[in-house]
Amino acid sequence: MNRSELLSRILITAGIFLAVGTPLLFRMRTPIIHAHMAENGGWSPEIIQAEVGKPLQLRLTSDDAMHGFAVGQMDMDAVDVEPGKVTDVTLTFDKPGIYTFFCTRWCGLNHWRMRGTIEVSGSSADSEPVPEPALSEVAVPLYVTLNLDIDAPHESPIIPSGQPSTIRGQQLAADLEISRFNNPDFYRANSPYQLFEELDSTDLSDSEKWDVVSYIWESNTTTEALANGKQLYAQNCAACHGENGAGDGVFADDLQAAGEASMQTMNGSMDMSMQTPVDFTDSKRMLGASPALLQGKILRGGMGTGMPMWGSIFTKEQIWGLIAYLYSFQFEYQGEIQ
Amino acid sequence: MSRIELTGNPFVKSALKNRWPQLAVFIVMLAGYLFAILAGLVGTQVGSHNFSIVFVWIAWWAILILVAVPFFGRGWCAVCPIPLPGEWLQRGAVLHPPRKKPKWFNLRWPRAFRNIWLQNISFLLLALFSSVLLTTPNITGIVLAGMLFAAIGLSTVFERRAFCRYLCPVGGFIGLYSQTAPVELRIKDKQVCATCEGKPCYNGSANGYGCPWDVFPGGLTKNTYCGLCMECIRTCPHDNIAVNLRPFSADLARPSTRMDEAFKAFIMLGSAMIYAGVLLGPWGALKDAAYNVGTSAWFIYAAVFLGVIFVIMPSLFALCISRFENLNAFKKRFATLSTSLIPLGLMFWVAFSLSFVLTNATYIFASLSDPLGFGWNLFGTANVTWQPMLTSILAPGQTLALVGGLIWSARTAQKAANEAKTSLIPVIVYCFITTLVMLWLLL
Numbered sequence: 009m010n011r012s013e014l015l016s017r018i019l020i021t022a023g024i025f026l027a028v029g030t031p032l033l034f035r036m037r038t039p040i041i042h043a044h045m046a047e048n049g050g051w052s053p054e055i056i057q058a059e060v061g062k063p064l065q066l067r068l069t070s071d072d073a074m075h076g077f078a079v080g081q082m083d084m085d086a087v088d089v090e091p092g093k094v095t096d097v098t099l100t101f102d103k104p105g106i107y108t109f110f111c112t113r114w115c116g117l118n119h120w121r122m123r124g125t126i127e128v129s130g131s132s133a134d135s136e137p138v139p140e141p142a143l144s145e146v147a148v149p150l151y152v153t154l155n156l157d158i159d160a161p162h163e164s165p166i167i168p169s170g171q172p173s174t175i176r177g178q179q180l181a182a183d184l185e186i187s188r189f190n191n192p193d194f195y196r197a198n199s200p201y202q203l204f205e206e207l208d209s210t211d212l213s214d215s216e217k218w219d220v221v222s223y224i225w226e227s228n229t230t231t232e233a234l235a236n237g238k239q240l241y242a243q244n245c246a247a248c249h250g251e252n253g254a255g256d257g258v259f260a261d262d263l264q265a266a267g268e269a270s271m272q273t274m275n276g277s278m279d280m281s282m283q284t285p286v287d288f289t290d291s292k293r294m295l296g297a298s299p300a301l302l303q304g305k306i307l308r309g310g311m312g313t314g315m316p317m318w319g320s321i322f323t324k325e326q327i328w329g330l331i332a333y334l335y336s337f338q339f340e341y342q343g344e345i346q
Numbered sequence: 002m003s004r005i006e007l008t009g010n011p012f013v014k015s016a017l018k019n020r021w022p023q024l025a026v027f028i029v030m031l032a033g034y035l036f037a038i039l040a041g042l043v044g045t046q047v048g049s050h051n052f053s054i055v056f057v058w059i060a061w062w063a064i065l066i067l068v069a070v071p072f073f074g075r076g077w078c079a080v081c082p083i084p085l086p087g088e089w090l091q092r093g094a095v096l097h098p099p100r101k102k103p104k105w106f107n108l109r110w111p112r113a114f115r116n117i118w119l120q121n122i123s124f125l126l127l128a129l130f131s132s133v134l135l136t137t138p139n140i141t142g143i144v145l146a147g148m149l150f151a152a153i154g155l156s157t158v159f160e161r162r163a164f165c166r167y168l169c170p171v172g173g174f175i176g177l178y179s180q181t182a183p184v185e186l187r188i189k190d191k192q193v194c195a196t197c198e199g200k201p202c203y204n205g206s207a208n209g210y211g212c213p214w215d216v217f218p219g220g221l222t223k224n225t226y227c228g229l230c231m232e233c234i235r236t237c238p239h240d241n242i243a244v245n246l247r248p249f250s251a252d253l254a255r256p257s258t259r260m261d262e263a264f265k266a267f268i269m270l271g272s273a274m275i276y277a278g279v280l281l282g283p284w285g286a287l288k289d290a291a292y293n294v295g296t297s298a299w300f301i302y303a304a305v306f307l308g309v310i311f312v313i314m315p316s317l318f319a320l321c322i323s324r325f326e327n328l329n330a331f332k333k334r335f336a337t338l339s340t341s342l343i344p345l346g347l348m349f350w351v352a353f354s355l356s357f358v359l360t361n362a363t364y365i366f367a368s369l370s371d372p373l374g375f376g377w378n379l380f381g382t383a384n385v386t387w388q389p390m391l392t393s394i395l396a397p398g399q400t401l402a403l404v405g406g407l408i409w410s411a412r413t414a415q416k417a418a419n420e421a422k423t424s425l426i427p428v429i430v431y432c433f434i435t436t437l438v439m440l441w442l443l444l
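So the protein lines, in turn, are chains A and B. Residues 9 to 346 (this note's numbering) make up the first sequence, in order. Residues 2 to 444 (this note's numbering) make up the second sequence, in order.
Heads up, a few of these hints could be off.
To be verified - Pairs of lysine to aspartate or glutamate residues, derived as DMTMM-like cross-links and limited to a Cα-Cα distance of at most 20 Å, are as follows: (1) B:101 <-> A:13; (2) A:238 <-> A:340; (3) B:200 <-> B:190; (4) B:102 <-> A:13; (5) A:305 <-> A:290; (6) B:288 <-> A:72; (7) A:292 <-> A:206; (8) B:18 <-> B:240; (9) B:189 <-> B:240; (10) A:238 <-> A:72; (11) B:18 <-> A:83; (12) A:324 <-> A:83.
Simulated from the structure, these hints should not be mistaken for lab results. These numbers come from a predicted model, not from an experiment.
Taking the hints into account, I'd like the entire structure generated from these sequences.
Spelled out as structure tokens, the structure:
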């Protein structure tokens with residue numbers, strides 16, 4: 009082979025290596041977490057390893073629609089994950105455990121299925137080993153302690169004719185002995201209807217009793233918790249349950265159609281309604297539900313109904329705030345929820 | 002007709018004869034092509050941010066249809082990287098001809114397929130899947146790789162550039178439209194070729210390879226099958242090959258009578274109109290049908306697509322020009338007169354391409370800085386926001402292209418009608434109606 013031929017071949021080989029090697033090399037060196045609609049695979053990879061105290065640098069991109077990224081039970085702002093663009097996120101974990109990351113944009117009907125986990129190993133930041141708590145000390149959700157069947161019907165037999173008002177209730181309650189109702193243990197374990205029944209011993213009319221229930225219900229929460237609940241609701245619940253709680257979110261019709269398609273053959277047409285998002289303006293359902301029961305539904309999710317489980321994402325405080333906000337679809341609370 | 006011999010300039014001539022400038026271009030093009038394949042396969046699957054989609058279907062297409070084909074004819078074929086690996090393998094060398102040729106099968110291409118029907122089919126195959134192909138990086142990567150491997154495979158079995166000449170999906174229409182270009186490669190003196198011994202331009206010599214396009218330059222009368230590879234300039238012992246500047250559409254003065262080329266004209270005219278309707282039109286159901294390959298809606302779309310191209314448009318044309326005569330004479334007249342559709346088809350594609358190229362050109366800047374969607378920002382343009390460019394000149398530009406195409410076709414029809422000894426009015430009426438439809442689709 010003469011020298012010019014050799015030189016040409018070297019140049020060609022170099023060009024080929026450059027063209028082929030660059031994408032492959034960077035593909036290997038730059039792990040990127042890809043977001044797809046749940047139908048197309050969700051997050052890839054969906055399990056990420058991390059160590060306590062060591063910054064975890066993530067590079068996120070979307071291969072289809074606009075998605076969002078946030079980690080449950082962690083104080084971080086959600087970031088957008090745009091198609092074809094890369095978003096950098098750095099996370100530092102204080103405690104070991106399994107964290108759930110999830111999509112924060114309503115990307116599609118199965119948006120809530122877009123979840124993955126971050127397995128954080130190592131010991132807590134304070135370098136003290138985390139002892140395994142005794143079984144008796146493990147925080148058991150209230151609905152378990154109360155032995156509630158959260159799937160059983162829980163309708164209130166009586167409902168108010170108009171919207172109960174905290175302001176009217178506050179005036180009426182001035183003459184009543186109600187201090188025992190104003191504590192979290194009572195509030196969380198009882199439904200508004202159960203409180204309504206407790207007020208039977210008074211001389212109040214039904215509508216006045218409901219006003220007092222409204223007042224007591226608002227007294228058991230704070231404006232801050234309500235505001236947080238409202239924000240969480242708007243970000244995570246309104247897509248299906250609707251901005252005004254009426255079960256008419258943007259995905260409601262699609263959910264119902266999906267339910268009709270998937271459940272008719274499995275359980276018969278009676279179960280189809282399970283796919284319809286719950287209407288929080290339905291007084292029978294809401295006034296018969298205790299905060300503990302709602303906590304159970306939110307923590308666990310709707311088991312085949314399309315309602316996701318939020319236990320790994322929301323903190324306890326966030327869930328109580330959210331529940332307090334759900335009751336505002338029934339009661340006319342005193343102040344405007346910010 | 003006046004011609005200017007570009008190879009009369011010693012600098013141009015030596016630049017074309019020397020293999021190094023060509024090799025430098027080849028290396029860049031091949032590297033770009035391989036990068037596009039890899040980008041399609043391992044880069045982001047968001048088409049608008051992937052090099053394979055943006056550089057192949059927007060940048061390359063814009064250069065091809067708006068510049069390369071109208072002004073340089075087969076200029077793209079001269080630098081196309083697809084046949085190179087196969088050709089190098091076939092030749093056993095990348096530069097000068099080697100002393101010892103490698104032993105490949107070196108078969109002649111089957112006689113039955115020595116036409117552009119296979120190219121018509123390969124173009125239509127891509128066209129029918131184009132909505133998916135043009136938007137899905139993976140598919141683009143696979144198709145580009147497939148063409149490269151097909152070219153390599155054919156080079157090891159058949160002689161010369163069988164892929165380019167008979168199979169390449171774009172080679173067919175580039176060849177057809179290259180007849181309109183103001184550049185040509187021709188011999189200077191016929192007599193020299195007639196008396197030339199050994200015909201090294203076709204058979205090869207120590208100075209260069211025999212025509213890779215299976216063309217004897219001495220018989221060249223039109224651009225259609227000359228790939229401008231410049232081998233004959235290197236092999237001609239009599240310095241009898243010239244690259245000329247010439248008037249536009251000079252080749253169309255002598256219309257072709259081949260049916261494969263006539264149908265190529267209808268395929269290109271019809272597919273430009275269908276693309277304008279599907280890709281630029283407001284009909285969502287049509288877009289869905291074209292995109293959802295394999296569904297019954299897509300099969301209907303495919304049937305309509307093929308029906309328009311192979312039945313409706315040629316039948317209407319045949320109806321326009323029909324008169325009593327025997328079938329062979331009619332076929333000849335049909336092919337001759339369909340030459341008039343070549344400038345119109347080219348300008349249809351120019352008008353259609355203007356629209357989507359100007360609409361999507363900003364993606365080129367973003368993709369240049371982050372070709373794989375890995376979050377790079379090589380030239381600081383990764384975050385250029387998408388916006389259509391030069392929107393004010395789009396509609397006038399398209400109208401000008403279409404009206405210009407109509408006039409150009411009318412002039413071509415005049416020559417074709419003279420050749421076929423028939424009236425040019427029906428052809429002009431046909432061109433006029435199709436132009437009106439295209440105007441309606443685009444504007």
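Do the hints match the structure? See the list:
no.	hint	verdict
1	B:101 <-> A:13	holds (14 Å)
2	A:238 <-> A:340	holds (15 Å)
3	B:200 <-> B:190	holds (14 Å)
4	B:102 <-> A:13	holds (14 Å)
5	A:305 <-> A:290	holds (17 Å)
6	B:288 <-> A:72	holds (18 Å)
7	A:292 <-> A:206	holds (18 Å)
8	B:18 <-> B:240	holds (11 Å)
9	B:189 <-> B:240	holds (9 Å)
10	A:238 <-> A:72	violated (29 Å)
11	B:18 <-> A:83	violated (69 Å)
12	A:324 <-> A:83	holds (14 Å)
Taken one by one, the earlier hints fail for this structure at numbers 10 and 11, listed in ascending order.
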